[in-house]
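Number of protein chains: 2
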Amino acid sequence: MVTIRDVAKKSGVSVATVSRVLNETGYVHEDTRKKVMAAVEELKYSPNEVARSLFKKKSKLIGLLLPDITNPFFPQLARGVEDEMQREGYRLLFGNSDENAEKEMDYLNTFIQNNVVGIISATNNKTKTNYKDLSIPVVFLDRTSNDYPSVYADGKEGGRIAADEILKRGSKRITLLKGPAHIQPAQDRFQGALEVLSQSSVDFHVMTTTSFAFEDAEKWAKELFATYPDTDGVLASNDIVATAVLHEALRLGKSIPEDLQIIGFDDIPQSSLLFPPLSTIRQPAYEMGKEAAQLLVKIMNKEKIEQQHIQMPVTFIDRNTTRKVDTNG
Amino acid sequence: MVTIRDVAKKSGVSVATVSRVLNETGYVHEDTRKKVMAAVEELKYSPNEVARSLFKKKSKLIGLLLPDITNPFFPQLARGVEDEMQREGYRLLFGNSDENAEKEMDYLNTFIQNNVVGIISATNNKTKTNYKDLSIPVVFLDRTSNDYPSVYADGKEGGRIAADEILKRGSKRITLLKGPAHIQPAQDRFQGALEVLSQSSVDFHVMTTTSFAFEDAEKWAKELFATYPDTDGVLASNDIVATAVLHEALRLGKSIPEDLQIIGFDDIPQSSLLFPPLSTIRQPAYEMGKEAAQLLVKIMNKEKIEQQHIQMPVTFIDRNTTRKVDTNG
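Protein chains in written order, with my numbering: chain C, 1 to 329; chain X, 1 to 329.
Check the hints yourself; a few may be wrong.
[Said to hold, decoys possible] The calculated lysine to aspartate or glutamate pairs, modelled on DMTMM-like cross-linking and capped at a C-alpha distance of 25 Å, are:
id, chain 1, residue 1, chain 2, residue 2
1, C, Lys9, X, Asp6
2, X, Lys60, C, Glu287
3, C, Lys60, X, Glu102
4, C, Lys254, X, Asp259
5, X, Lys298, C, Asp318
6, C, Lys103, X, Asp133
7, X, Lys60, C, Glu30
8, C, Lys103, X, Glu287
9, X, Lys222, C, Asp318
10, C, Lys60, X, Asp133
11, C, Lys324, X, Glu218
12, X, Lys103, C, Glu84
13, X, Lys103, C, Asp106
14, C, Lys60, X, Asp68
15, X, Lys10, X, Glu41
16, C, Lys222, X, Asp318
17, X, Lys60, C, Glu99
18, C, Lys60, X, Asp106
19, X, Lys324, C, Glu258
20, X, Lys60, C, Asp98
21, C, Lys44, X, Asp106
22, C, Lys219, X, Asp318
23, C, Lys103, X, Glu41
24, X, Lys60, C, Glu218
25, X, Lys44, C, Asp6
26, X, Lys219, C, Asp318
27, C, Lys60, X, Glu99
28, C, Lys298, X, Asp106
29, X, Lys44, C, Asp68
30, C, Lys44, X, Asp133
31, X, Lys254, C, Asp259
32, X, Lys9, C, Asp6
33, X, Lys9, C, Glu88
34, C, Lys103, X, Glu88
35, C, Lys60, X, Glu218
36, X, Lys103, C, Glu88
37, C, Lys9, X, Glu30
38, X, Lys254, C, Glu30
Treat the hints as calculated values from the structure; they're not laboratory data.
Keep in mind it's a predicted model, so treat the numbers as computed, not measured.
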């Protein structure tokens with residue numbers, strides 16, 4: 001392999017001078033520059049990506065930080081980011097934070113050490129300190145931020161819609177599952193639903209859950225029916241929890257949606273394959289990933305940004321865990 | 001920021017000499033070395049990861065190539081790889097090949113350009129040419145290879161077990177779903193099941209499917225019952241397809257497992273939350289990812305490798321889409 005040393009030898013200058021020429025920094029006499037470039041050409045010297053990123057202080061690497069890729073909402077999000085970044089010639093350095101601040105900081109540090117040129121973060125760590133000192137563009141994904149560009153779905157509106165739809169369809173004893181307190185999107189959808197339910201005339205319970213993990217979902221579902229056996233409508237904190245609630249309800253012999261209506265949140269790909277297929281609030285995960293990637297690329301290219309905060313629409317997906325609305329009132 | 005030039009100036013030597021010292025290449029007089037290191041210390045010069053990887057020709061980056069992270073088998077696999085690599089101080093460059101040879105090659109090239117020190121590949125591209133020219137260690141994951149170290153589950157045995165279990169439980173008109181032809185693990189499990197069924201005395205159909213995508217699974221399921229309405233046992237090519245078959249069977253009013261038994265493959269986290277919960281062949285995805293990471297780290301550290309090819313066990317998970325075995329007969 002041809003090295004920078006070979007180029008220096010061939011052109012009769014120092015390695016530092018070759019570096020200055022390739023780096024386009026510092027003064028180099030035009031004759032010297034020509035000699036170096038002739039040697040580069042003759043030797044077919046091609047600094048690799050790492051060398052180039054060192055010379056130009058620029059790489060084609062993007063850091064992508066997710067809470068947990070095994071939560072089925074995130075693979076779609078990641079594909080959206082990756083497909084768009086791949087189209088633009090960027091590559092992803094990837095990590096899961098598990099919503100652990102230390103792990104998040106550790107990943108951010110190594111992203112920077114590896115000279116990423118931008119970061120997309122979907123973690124929910126409240127302390128922004130990690131991001132303040134970064135000198136490269138950051139886009140938050142699935143998370144709102146006043147201080148940074150962000151792409152997120154309208155969770156509060158999603159919560160409102162879910163509550164509206166279950167009320168409209170006649171549930172009278174609703175259980176509202178409040179997702180993990182430290183996850184902002186979970187709290188947004190909770191607040192939206194709470195707002196609508198508290199203004200309605202139906203009874204409702206709020207039940208707190210502390211994670212979105214598969215292993216835990218079954219536990220919440222059992223607890224739900226043990227505590228509120230006569231509930232006739234469940235607003236779940238996400239589709240995983242809704243799946244577990246549906247499972248438990250069927251196991252208890254309830255008719256869905258006659259005895260019990262269930263509305264999830266996310267619309268993960270599995271939800272339409274459940275039986276009965278799950279009614280849910282759709283977040284456009286893939287499109288959110290794509291939007292975040294496009295926004296970051298625009299910022300890195302110093303293009304004019306019309307919108308720093310992109311709110312994506314949520315929609316009610318009316319499948320079979322909710323009853324049909326009586327259109328005659 | 002302190003640069004290599006500052007170190008050179010401080011120690012009164014050339015940039016090339018500082019580079020030789022940090023790089024530990026070429027002859028450097030001991031006195032010079034000491035001067036340079038003193039300057040490094042005094043100036044608190046810390047070459048960043050990229051610079052260090054250039055000097056030492058070594059990074060802490062690993063390339064991870066998956067077919068598609070949105071297939072629910074792969075997030076578990078990826079977490080296994082990541083958790084182990086994170087523990088060892090490595091970071092992941094990540095890409096999805098979509099089983100597309102061009103995309104695979106493109107990712108391999110950019111992995112190399114970014115100086116990854118090892119690659120874990122879970123793609124199923126038959127042509128090994130892409131990998132032959134690589135000068136860094138490669139471990140294949142979820143894929144067998146004679147030429148390279150690999151970690152995979154015993155798919156053929158999994159297929160045999162699935163067929164055995166469904167026969168033992170009394171299915172007489174079995175439909176065997178043959179997964180995508182270009183995906184080796186799908187063919188292994190198919191061959192294993194075919195071997196057992198063809199030696200049995202029951203009738204069976206083979207139905208070909210061409211992808212593992214969610215959107216397609218529903219289509220295969222409908223086609224299956226339209227073509228073979230009296231089938232009483234389905235061996236699905238993976239859990240996604242099994243989920244769709246279960247969905248369609250319930251929609252048609254079939255009793256599960258009385259009228260129809262279903263066995264999936266993979267044991268993705270969702271499968272236990274289905275109703276009835278899916279009987280399936282479990283591949284230890286997370287553990288496979290971990291094993292592959294450990295194997296790659298050992299190879300990179302030039303440790304003695306006892307096993308180049310690690311075959312992980314598969315197990316039958318006896319849930320509720322299969323009948324209980326009559327242990328008296």
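Each hint tested on the structure:
1. As the CA atoms of C:Lys9 and X:Asp6 are separated by approximately 23 Å, the hinted pair is consistent with the 25 Å bound.
2. For the proposed pair X:Lys60 and C:Glu287, the alpha carbon gap of about 32 Å is over 25 Å, so the pair is violated.
3. In summary, the hint linking C:Lys60 to X:Glu102 is supported, as the alpha carbons are separated by about 19 Å, within the 25 Å threshold.
4. Of the supplied pair hints, the one linking C:Lys254 and X:Asp259 holds, its CA atoms being roughly 22 Å apart against a limit of 25 Å.
5. About 52 Å separates the Cα atoms of X:Lys298 and C:Asp318, which puts this hinted pair outside 25 Å; it is violated.
6. Restraint check: the Cα-Cα separation between C:Lys103 and X:Asp133 comes to about 35 Å, which exceeds 25 Å; the hinted pair is violated.
7. Only pairs whose Cα atoms come within 25 Å are accepted, and X:Lys60 paired with C:Glu30 is rejected, the gap being roughly 38 Å.
8. Between C:Lys103 and X:Glu287 the CA atoms are separated by roughly 21 Å; this keeps the pair inside 25 Å, and the hint holds.
9. Our distance criterion of 25 Å between C-alpha atoms is met by X:Lys222 and C:Asp318, whose separation comes to about 21 Å.
10. The hinted pair formed by C:Lys60 and X:Asp133 meets the criterion: a straight-line CA distance of about 23 Å does not exceed 25 Å.
11. Between the alpha carbons of C:Lys324 and X:Glu218 the distance comes to roughly 23 Å, so the proposed pair stays at or under 25 Å and holds.
12. Restraint check: the Cα-Cα separation between X:Lys103 and C:Glu84 comes to about 14 Å, which is no more than 25 Å; the hinted pair holds.
13. Under the criterion of a C-alpha separation no larger than 25 Å, the hint pairing X:Lys103 with C:Asp106 is inconsistent with the structure, at around 30 Å.
14. Simply put, C:Lys60 and X:Asp68 have alpha-carbon atoms about 22 Å apart, close enough for the 25 Å limit, and the pair holds.
15. Among the hinted pairs, X:Lys10 with X:Glu41 is consistent with the structure: their alpha-carbon atoms are about 11 Å apart, no more than 25 Å.
16. Restraint check: the Cα-Cα separation between C:Lys222 and X:Asp318 comes to about 21 Å, which is no more than 25 Å; the hinted pair holds.
17. Proximity of X:Lys60 to C:Glu99 is assessed by CA-CA distance (about 23 Å); at most 25 Å being required, the pair is judged to hold.
18. Proposed proximity of C:Lys60 and X:Asp106 is supported: the alpha carbons are some 14 Å apart, at most 25 Å.
19. Our distance criterion of 25 Å between C-alpha atoms is broken by X:Lys324 and C:Glu258, whose separation comes to about 31 Å.
20. In summary, the hint linking X:Lys60 to C:Asp98 is supported, as the alpha carbons are separated by about 21 Å, within the 25 Å threshold.
21. Among the hinted pairs, C:Lys44 with X:Asp106 is consistent with the structure: their alpha-carbon atoms are about 22 Å apart, no more than 25 Å.
22. Distance check on the hinted pair: C:Lys219 and X:Asp318 sit about 21 Å apart at the alpha-carbon level, within 25 Å; holds.
23. Under the criterion of a C-alpha separation no larger than 25 Å, the hint pairing C:Lys103 with X:Glu41 is inconsistent with the structure, at around 29 Å.
24. Taking the CA atoms of X:Lys60 and C:Glu218, the gap is near 39 Å; set against the 25 Å cutoff, the hint is violated.
25. The straight-line distance between the Cα atoms of X:Lys44 and C:Asp6 is roughly 30 Å, outside the 25 Å bound, and the hint therefore fails.
26. Taking the CA atoms of X:Lys219 and C:Asp318, the gap is about 21 Å. The hint holds against a cut of 25 Å.
27. A C-alpha spacing of about 23 Å is found between C:Lys60 and X:Glu99, which places the hinted pair at or below 25 Å, so the restraint holds.
28. A distance of roughly 24 Å separates the Cα atoms of C:Lys298 and X:Asp106; the hinted pair therefore holds under the 25 Å criterion.
29. The straight-line distance between the Cα atoms of X:Lys44 and C:Asp68 is roughly 36 Å, outside the 25 Å bound, and the hint therefore fails.
30. Restraint check: the Cα-Cα separation between C:Lys44 and X:Asp133 comes to about 20 Å, which is no more than 25 Å; the hinted pair holds.
31. The suggested pairing of X:Lys254 with C:Asp259 holds, with an alpha-carbon distance near 22 Å, which does not exceed 25 Å.
32. A distance of roughly 23 Å separates the Cα atoms of X:Lys9 and C:Asp6; the hinted pair therefore holds under the 25 Å criterion.
33. For the hint pairing X:Lys9 with C:Glu88, the CA-to-CA distance comes to about 40 Å; that exceeds 25 Å, so the pair is violated.
34. Taken as a hint, the C:Lys103 and X:Glu88 pair is honoured in the structure, with Cα atoms around 14 Å apart against an allowance of 25 Å.
35. A hinted pair counts as satisfied when its Cα atoms are at most 25 Å apart, and C:Lys60 with X:Glu218 does not qualify at roughly 39 Å.
36. A distance of roughly 14 Å separates the Cα atoms of X:Lys103 and C:Glu88; the hinted pair therefore holds under the 25 Å criterion.
37. With a C-alpha separation of about 24 Å, the suggested pair C:Lys9 and X:Glu30 falls inside the 25 Å cut-off, and the hint holds.
38. With a CA separation close to 82 Å, the supplied pair X:Lys254 and C:Glu30 exceeds the 25 Å bound.
Comparing the model with each earlier hint shows violations of hints 2, 5, 6, 7, 13, 19, 23, 24, 25, 29, 33, 35, 38; every other hint is respected.
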